[in-house]
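Going line by line, the protein sequences match chains D and E.
Those letters in the first sequence? Residues 609 to 968, per this note's numbering, in order.
Those letters in the second sequence? Residues 609 to 968, per this note's numbering, in order.
Because the hints were derived from the structure by calculation, they are not lab data.
Source: prediction; values computed, not measured.
Please note that a few of the clues may not be correct.
Stated by the list, open to error - Straight-line C-alpha distance at most 20 Å; calculated SDA-like pairs for lysine to any residue:
hint	chain 1	residue 1	chain 2	residue 2
1	D	613	E	811
2	D	688	E	761
3	E	936	E	964
4	E	698	D	701
5	D	936	E	621
6	E	936	D	618
7	D	688	D	628
8	E	796	D	648
9	E	796	D	645
10	E	688	D	816
11	D	936	E	613
12	E	796	D	639
13	D	796	E	629
14	E	936	D	796
15	D	936	E	616
16	E	796	D	701
17	D	796	E	613
18	D	651	D	701
19	E	688	D	817
20	D	796	E	694
21	E	688	D	701
22	D	796	E	635
23	E	698	D	797
24	D	688	E	811
25	D	613	E	937
Number of protein chains: 2
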Amino acid sequence: PVVDKEVDFANYFCTYAFLYHQKEMLSDRVRMNAYYDSIFRNKHHFNGKTVLDVGTGSGILAIWSAQAGAKKVYAVEATKMSEHARALVKSNNVENVVEVIEGSMEDVVLPEKVDVIISEWMGYLLLRESMFDSVICARDRWLKPNGVMYPSHARIWFAPIRSGLVERKENDLEEVMDDWYNFVEDTKDTYGVDMGVLTQPFSAEQRRYYLQTSLWQNLHPNQIIGTAAIIKEIDCLTATVNDISEVRSNFSSSITMENTSLCGFGGWFDVHFRGRKDNPAQQEVELTTAPSKDAGTHWGQQVFLIHPPSCVTEGDNVSVEFLMYRSKENHRLMEVELGCEVRQSSGNLLPAFKSKFHVE
Amino acid sequence: PVVDKEVDFANYFCTYAFLYHQKEMLSDRVRMNAYYDSIFRNKHHFNGKTVLDVGTGSGILAIWSAQAGAKKVYAVEATKMSEHARALVKSNNVENVVEVIEGSMEDVVLPEKVDVIISEWMGYLLLRESMFDSVICARDRWLKPNGVMYPSHARIWFAPIRSGLVERKENDLEEVMDDWYNFVEDTKDTYGVDMGVLTQPFSAEQRRYYLQTSLWQNLHPNQIIGTAAIIKEIDCLTATVNDISEVRSNFSSSITMENTSLCGFGGWFDVHFRGRKDNPAQQEVELTTAPSKDAGTHWGQQVFLIHPPSCVTEGDNVSVEFLMYRSKENHRLMEVELGCEVRQSSGNLLPAFKSKFHVE
Ligand SMILES: Nc1ncnc2c1ncn2[C@@H]1O[C@H](CSCC[C@H](N)C(=O)O)[C@@H](O)[C@H]1O
Ligand SMILES: Nc1ncnc2c1ncn2[C@@H]1O[C@H](CSCC[C@H](N)C(=O)O)[C@@H](O)[C@H]1O
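Sequences and hints are given; from them, build the entire structure.
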């Protein structure tokens with residue numbers, strides 16, 4: 609797809625130019641601990657090595673890499689955040705090692721290939737933002753044949769959930785539609801124009817907003833009502849853009865909770881720092897964004913509501929068809945097509961559900 | 609300035625493509641009544657005439673023009689809202705008169721010149737969105753020499769106000785900064801990186817957000833504490849882009865309330881429908897967005913906070929230097945430079961205030 613760079617800056621990069629947003633990421637303990645541990649428990653990957661940090665933001669991963677003994681770190685950042693990264697590098701006394709380069713990874717030319725590529729490229733549901741494209745581009749151009757990727761692996765998970773949100777959203781939608789009908793009446797009476805013909809498109813617009821857009825949530829583990837499935841696995845060393853631009857998975861999940869309500873699905877990801885087969889991590893580290901009572905992340909989970917909810921119970925089987933691809937209008941956003949069907953343990957099939965969702 | 613059309617769509621036009629947003633405008637009674645009255649109380653301007661509606665949105669002004677007897681209405685709309693406008697035109701039985709044209713006004717070619725240009729182009733503080741540029745362009749190309757502009761005149765107003773917002777925003781800012789200091793300490797202790805060097809830029813970013821961005825408010829008339837001044841007058845028939853791309857005004861305002869607090873300024877606009885000198889309105893109509901107890905509009909007022917507030921009283925004189933120009937990064941947004949000084953009736957001068965603001 610042809611990406612208009614200026615539009616991409618207006619839509620995407622703009623948020624990263626705010627320290628406020630970088631701080632949000634820097635305050636995510638789960639994220640920070642995972643990257644910190646991955647580096648400092650695997651110093652052999654960094655000590656005396658050359659490193660490329662794709663999208664350095666504030667510069668944090670580049671600075672840690674230097675502190676872990678890297679010989680040279682190239683820290684590439686597309687936005688003006690690069691200037692703050694440069695200041696931070698300097699005030700932390702690693703300016704002899706870390707070179708901050710302002711530019712798109714796709715355009716930057718390095719003087720050498722590197723031993724390690726480190727990057728925090730993960731968006732909601734792993735792939736939103738499509739930033740891994742830039743990591744792939746960097747890898748194919750700048751990673752030595754025996755180089756290591758940080759993180760090395762990534763997975764997307766999906767599980768059935770219960771949630772009060774369906775009802776809430778359905779109520780919101782109903783209220784908005786009631787208000788619309790009043791508006792149509794008023795406009796006819798007061799201003800002599802009949803807006804009735806717009807009822808259908810307005811309703812579609814609002815349904816899309818309330819029911820067909822996935823929601824950011826920090827789910828409680830007890831909202832997960834069935835077995836979770838891995839719907840995508842990525843080897844960061846070998847994945848191509850083609851491999852990640854579509855995620856298709858048919859899977860089934862067993863309900864593990866008695867007499868509950870299937871209200872939708874939660875999606876999340878984890879990434880692993882394992883080094884590579886012939887140069888493995890000394891200590892493997894995992895960063896998971898799964899539902900958790902006290903180790904939530906700023907990524908939360910993405911929730912896809914199904915409506916109306918279905919009554920389900922332990923032993924019921926939910927079969928799911930999942931398809932995710934990039935939005936035509938904005939390659940950094942995703943569209944999801946989701947179908948599901950519940951087979952009760954009696955063998956009885958509940959009415960199937962099928963809908964499109966937008967991950968925005 | 610060179611405007612990237614794609615970026616302009618991503619930043620600006622996108623919101624207008626939602627019926628939800630059009631409905632907000634269509635539910636603004638003050639706005640609707642003014643345009644409705646301006647048309648139906650001045651049918652002589654429409655009956656048997658050709659009309660151009662610049663930015664027709666849902667098509668409302670075009671439909672009214674047809675209902676008022678127009679022979680032909682060209683209804684130009686840049687976004688896909690044009691399709692809804694077309695449906696509305698049809699279902700209101702004016703498709704023989706109203707022709708909906710999807711496209712930017714700047715690009716559209718009409719088969720004839722028109723007698724009337726009608727448009728609802730006003731943004732916050734009148735000029736935000738810079739949509740009047742498109743009306744000027746339409747006027748210079750498509751209005752007959754004796755044509756009429758709807759509205760015909762516009763003014764921007766500015767007045768000193770009191771408000772609890774300064775304190776609130778100052779508190780918010782303080783909280784955010786306290787949190788920042790904790791973050792800096794944490795990051796040093798836990799992750800070995802000293803973020804201190806970013807304190808100044810973070811603080812600047814947050815001050816900009818909390819204190820140097822104008823705020824949307826529906827002010828109560830009793831929050832106005834001094835005489836209001838007109839800081840710009842526009843004759844829609846003759847104004848050029850040059851005339852409106854900068855607004856500069858030095859004025860003074862007398863405080864009209866006893867023992868109160870000067871917390872900032874409120875800015876708003878009004879527009880008038882007067883026809884033209886040689887073809888005047890039969891009944892002049894005004895649309896005002898001034899602070900009002902029960903005739904508020906979706907435009908509200910724009911509030912510029914000054915901090916700290918000054919104690920003022922009846923008879924004090926506030927002299928103000930106001931300058932507004934377009935943002936370099938986005939020609940539809942504005943930057944304001946505001947200076948003010950209070951001379952008490954005793955002759956005593958209070959410390960002057962000067963700041964930049966962003967109208968976003
Ligand atoms: N193609 C590209 N080239 C350069 N920088 C990019 C990029 N795509 C995304 N980025 C930048 O990558 C950053 C991702 S956020 C992560 C920031 C930092 N590494 C940290 O872990 O805290 C953003 O600052 C974004 O502007
Ligand atoms: N240069 C341009 N060309 C065409 N349409 C434009 C335009 N600039 C703004 N618009 C459109 O003008 C509309 C302004 S909002 C007003 C809509 C309608 N006339 C009403 O009064 O309810 C938006 O729908 C916007 O998309």
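Contradicted hints - numbers only: Violated: hints 1, 2, 4, 14, 17, 21.
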